[in-house]
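Student: All chains, please: the whole structure from these sequences, using the hints.
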Amino acid sequence: MDITFLLNGENVTLRDVDPTRTTLDWLREERGLRGSKEGCNEGDCGACTVMVTDAGGTSALNACILFLPQLHGKTLTTVEGLSGPDGALHPVQEALVTHHGSQCGFCTPGIAVSLAAGQLNGDTAHDDVLAGNLCRCTGYAPIIRAADAAAGAPVPDWLSTLRAGESPAASAEVGPALPDSSDALAHALMERPHATLVAGATDVGLWVTKGLRDLRDVIFLGGATDLQQIEVSDSDIRIGAGVTIAQLLPVMADHHPSFAEMLRRFASTQVRGAATLGGNIANGSPIGDSPPALIALGATLHLRRGDVRRDIRLQDFFIDYGKQDRVAGEFVEAISIPRQSDHLKVYKLSKRFDQDISAVLGAFNIVVEDGIVQSARIAFGGMAGIPKRATHVEQALTGQPWTQASVDAVGPAFAQDFTPMSDMRASAEYRLEAARNMLTRALAEDQGTPVSVLEVTP
Amino acid sequence: MSARGPRIHDAAPLHVTGAARYIDDIPVPGDCLHLAFGLSHEARGVITRADLSKVRAAPGVIDVITAAHLPFDNDVSPAAHDEPLLAKGEVFYHGQPIFLVIATSHLAARKAARLGDITIEPRPAILTIDDALAAGSRFEAGPVIWTDGDTDAALAAAPRIIEGQFEMGGQEHFYLESQAALALPQENDDMLVHSSTQHPTEIQHKVAEALGVPMHAVRVETRRMGGGFGGKESQGNALAVSCAVAARHTGRPCKMRYDRDDDMVITGKRHDFRIAYRAGVAPDGRLLGVDVTQYARCGWAQDLSLPVADRAMLHADNAYDIPAMRIESHRLKTHTASATAYRGFGGPQGMLGIERLMDHVAHALNLDPTSVRRRNFYAPAGSATPGVTHYGQPVEDFVLDNMVAALEASAAYAARRKAVDDWNAQNDVLKKGLALSPVKFGISFTLTHLNQAGALVHVYQDGSIHLNHGGTEMGQGLFQKVAQVAASVFGVPLETVKITATDTAKVPNTSATAASSGTDLNGMAVKAACDTIKGRIVAFLAESRGVDTAKITFEDGNVQVGDDTLSFAEAAQAAYTNRISLSATGFYKTPKVAWDRLKGRGRPFFYFAYGVSMTEVVIDTLTGENRILRADIVHDAGSSLNPALDIGQVEGGYVQGAGWLTTEELIWDDAGRLRTHAPSTYKIPACSDRPDIFNVALWDAPNPEDTIFRSKAVGEPPFMLGISAFLALSDAVAACGAGYPDLDAPATPERILTAVTRLRQT
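Heads up: the protein sequence lines correspond to chains F and G, in order.
When you line the first sequence up against this note's numbering, it's residues 1 to 458, in that order.
When you line the second sequence up against this note's numbering, it's residues 1 to 762, in that order.
To be clear, the hints were calculated from the coordinates, so they are not data collected in a lab.
All clues stand as given, with none of them false.
Below, computed lysine-lysine pairings styled on BS3-like, alpha-carbon distance capped at 30 Å:
#	chain 1	residue 1	chain 2	residue 2
1	G	Lys-589	G	Lys-498
2	F	Lys-210	G	Lys-54
3	G	Lys-88	F	Lys-210
4	G	Lys-589	G	Lys-599
5	G	Lys-506	G	Lys-589
6	G	Lys-551	G	Lys-498
Here are some chain G residues the structure puts well away from chain F; computed CB gaps all over 10 Å:
#	residue
7	Ile-47
8	Asp-189
9	Pro-704
All values derive from a computational prediction rather than experimental measurement.
Quick reminder that beta carbons are idealized off the backbone N, C-alpha and C, glycines included.
Tutor: Structure representation (structure tokens):
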């Protein structure tokens, strides 16, 4: 596979790249650009953060799980490219120095790049910008002081092209491993039905960096821009499988704000910028955060194999742990959410608020009229081998008054729906109790009781 | 320049641009090889068969080394000689290194390391504190017991007994730079080692043993670490020794860095503890006698567990003058990774024990916890009858009364206590908690001979200064603080002083940069070296110019000689041409310390560092989710050499300490496998976990003891300020019912919900 991209302003063409060579290894081992650090090699610490710019804008991404072909046709800016040609520091670098934002300094290049990307995008929600950058030394306080200080500074001239989203012309020679449309993808996948599909690589990346798997047969989805569209019609919201979580978030903020608030805590900025909705569904994880919310909204999955398309309820896609209703050569093309008035409440429960895999994720779509539950679609992640509806709870609740007494009465139904497991994230007992209590939370929220520790101020 | 000032970290401009070099960033010769360990897949067992043919045949593999191939000492322990680099027929924990792969790339080495076909016949594994107690598996013959006064009599006479027991988890260091080393073979069997270590001399020592050469044949250099926190005091030995052995074996440079998961599985962590307490208390909350039992899970090898457990005992009093005390310390040997040094070195565990007891006492007696604490404080500094610790050291510098009063005022303790109670009366789902906790931390290595340091300073003929000492830089800003000392002695701008990498060939026989001692020890050693050179220059100028030495001063980059002014460079040039030596070593040893660890009596500490924190939290009683809303801290850094860097230590220490007690949970399964071996499952605080409001102030008062410019050590003490976060969570849980929350640490959402449920049901 041959690819072309811009690296800190310089055109780079690579011939016959190993499709699973990570950007971080390539930068450090072949280009001698050792500013980006390897802290965890799984996209959880942000020490390797780089900026990637394409027509959609600039994202901070984790270079350790970013395969080189994902850069094709894009602009890559590393920490070495943050400073000006004359060595002038970027405003965020200057502020980090002035405000004592580095101690051991190992996380600092990644923090500088994340802050620079945030500054470029005018994003001043520093906690969210930095949710994917771990620092063990500072306690973050001086980093935030630096971020505040630099927020108002202009984007330096030497990075202004990033704001315009300029990228090198992708080389004409786009092979079958990098299809440029869903049609081309469908065709390629018919030829190689067992190929591994790579969208954001936030999951597959770990198969390589941690599982040490040799993936020879890989198809990258990033070039199929027609899979990256979101269409809002009167009847539904149709989300292309290649839409990133970052792109989905503002749309959900308009239609289902609780979903959007969960997406704000979905992994980190770096992961949301790469991970796609299609990937979060198609990998079949029992702890993916989007499926329970989508199931509660009654989403439909659009699958395609060659020229054959079929639609199924998302909840039916997940058959068993590790098993989905998808045949060889078939891929997720899009997800549709029916338009509806918003009743959705999504609760993500984890040891840490940001960048943490859920112990339990509960999604509650409960419609109440005149104090009576008219309908209830409730789905959970982390409670079974698949994202799963709480059908017994739904049935027990429907038609009942929306009161604590009803919530208490349906409590036993949770154990009929779920037999969760114990693992390093939570015990089975805790999962079950927390899931039950989430229903109480949903009621309390409707009653106007404060229920979120994230909304309490000192 | 003045020695004091909020100077930026010397390497900050390098950090932010990515130009700061860590081990893996050092340019290496093209023939450099890379190493990885093959690990045990059993916690305990006997290796009955090891087929490494697939490893050898893997792409890029140059060779594979096992215990049988090691030519000399197969040991990487700091002292006890009980920790083979590669397993010798038996394995003692899951993840123990068994063989070493030498390959042409890091990835090739990692891939090959997984191809070992090793049969291990399992033996029963001792994994938990209970397992170890049942099996009598421990270091030393039995528990260490210290007694001070007649505790049994005090408890028998006490009007009220408070007792309890709780668990506290360990902690993964999670330095962002994983362990790493690079060895470059030299002529004549010499070896140059670059190591990410807090203890270059120990690396030198272990490498020399492994190569069968004297220490003079090994040079170890450490410019910086990407974080240490105690985790690089002894845990880097295995990598440095591997690199040296492989480099000797192949004749090529060898580099090794752990992948994060390997690092978390192989290396030691903070000791988890169980603490049981029984206290006799007066109605006003005064402690009359305390009986404490500390159970430390030490892992398979001794490492630094004995001094860690000692320090836990030494901090079992924290800030409180307890008339009678008995402490029993169990150092339990388990088939898990060998627990090691971690910021505070047992102090946090010991301190949490007594703070938990204080909290329990206040709850049981329905008294304000801060008042109970204050009532038990040691007598303030200047008192005619200072309190004496349970190990016999008078506490003559106690300043917590004033510090607590200052914090209560600045953080509005009383008003916020009422506001929290009001909130809790009005809210069913979300409950708030507030707690204040003090820190008194002993400064000095408890192994007395370690309290020494050396320095090497050169003044060149152009007036530039080369600075070197035995301390290592792990982010704490040691190099800058010590450079400030050097610059102030010579009265030159900081830029005149070149900070250089720690190097065993420049300063020998150094102690680990640990026990918060870096600036205290190395600052004094550097000052001694600088004073020596300065004294020679003064003597020379006085004699050659006929000026009284009292009229020769160094400031603003100049040397004032009577009425004449020379630039420092001119003075250096003149001294050089007159054959004055401009190079000197410096040495320092901490005065006054004397300690008998077997008896548990003496003066282990030169002085104490103090701090106090107040934390406000909110919990969700439906899920146990929780958040720190506000933290206020006053911390004693003596006359701070660098307030900016010291505040950095305080902020970072608090958040790391709070992390230990909240989100950071280590989980081993029944087979002894660590299940939380990556940041995906082990959660250190993220950016949004820091307190919304975070007020940190230094208690600016000179150290009564004669330390470097009267400053105080600041590396470890602030870590224990995080205890107030745990106590605040307990306070929030207490708002859910009448009972005592009885919270274990870390207080994860699950533990909090369990405690809330228990309280609501009783």
